[in-house]
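Asks: The residues making up each chain are set out below.
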Amino acid sequence: MEDKKMTEKESLELITAMIQRTRERYVGDGNIMLMWGYLSVVVAALVWILLVKTHNPAWNWLWFAIGVIGGIATPIMDKKQRVKYGVKSYSDKLTSQIWTIVGISAFVATLFCLGFSLLKGYDAWKMMFAFALIIVPMAEMAQGIVIKEKSLVAGGAIGLTCGIFIVCCIAAEVPLYASLILPLFIIAFICMMIIPGHIINRKARLQR
Amino acid sequence: MKELDPILHSQLRLAVMSILMNVEEADFVYLKEQTESTAGNLSVQLDKLSSAGYITVTKGFVGKKTRTTCQVTDQGRKAFEQYVEALKGYLNL
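Listed in order, the protein sequences are those of chains A and B. Here our numbering is used: the first residue of the first sequence is 9, the next is one more, and so on. Here our numbering is used: the first residue of the second sequence is 643, the next is one more, and so on.
It is worth saying that the hints were derived from the structure and are not from the lab. Among the hints, erroneous ones may be present.
A partial selection of chain A residues facing chain B, derived with a Cβ cut-off under 7 Å [as the list claims (entries may be wrong)]:
#, residue
1, Leu20
2, Met26
3, Ile27
4, Gln28
5, Arg29
6, Thr30
Every residue gets a Cβ at the ideal spot worked out from N, C-alpha and C, and that includes glycine.
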């Protein structure tokens, strides 16, 4: 392409062609989602095994590994992704903001639970399961609608269903045993993050 | 009939603006690939768009390599919309 003048018709055709090219760009990259998915599933499985084997609730501190590792890895992976594709769309910006809100609210929720636990000895940590399976699926479904990816909406719906079930259990004071809640958590994160992440990566590979 | 903006009525500059109108930001390599232009020519046209206040050009580093990213400004967005309106007038659309 050169710096040449065009007719009005050529100008309009060029605008249409360029808009088409930006729309045909990559479908995305599911690597960040896969990282969060595998991290959550591995930590949940580890906590489950250790709780069952040792009956020591101190292993629950391992949950913090999700926030710490994920929180450090996400900006690094996001930067790499932006450099790799060379473009940031409006939907990228919107989904990034949605997940930032989820991250901040997770941090605030953790502080509250920690405060309840350390200051008054109350156990509010159950709320984090409800948080993980209500707020996260909602964000994921919103992302799925924005980028038109059905697997995200379907995965989010499964996660949300699990979350609503947990909230009902908490409200009805049904004891949340590790053997009930942790498999549910693992299944939800496989459906919400791991399966859609692989589907998005496969679509991206086919598009290249 | 309204005159077409001379800054936008040029093949490469119009292509760059059309891309930037549809994304939040794009880097130099992406624009070069999408417009199938040479680095030198693209660089000159980006300077012209930037001087006109239609885009912002930010130079950063990724490791040891430089990375130039471009974003359309409000002024550029308005100029592009007016350009499209003027085109419609010319083509009786």
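Asks: If a hint holds in the structure, say so; if it doesn't, say that too.
Replies: Going down the list of hints, with the structure as the test:
| no. | hint | in the structure |
| --- | --- | --- |
| 1 | Leu20 | holds (6 Å) |
| 2 | Met26 | holds (4 Å) |
| 3 | Ile27 | holds (6 Å) |
| 4 | Gln28 | violated (10 Å) |
| 5 | Arg29 | holds (5 Å) |
| 6 | Thr30 | holds (4 Å) |
Hint check: a violation occurs at hint 4 only; the rest are consistent with the structure.
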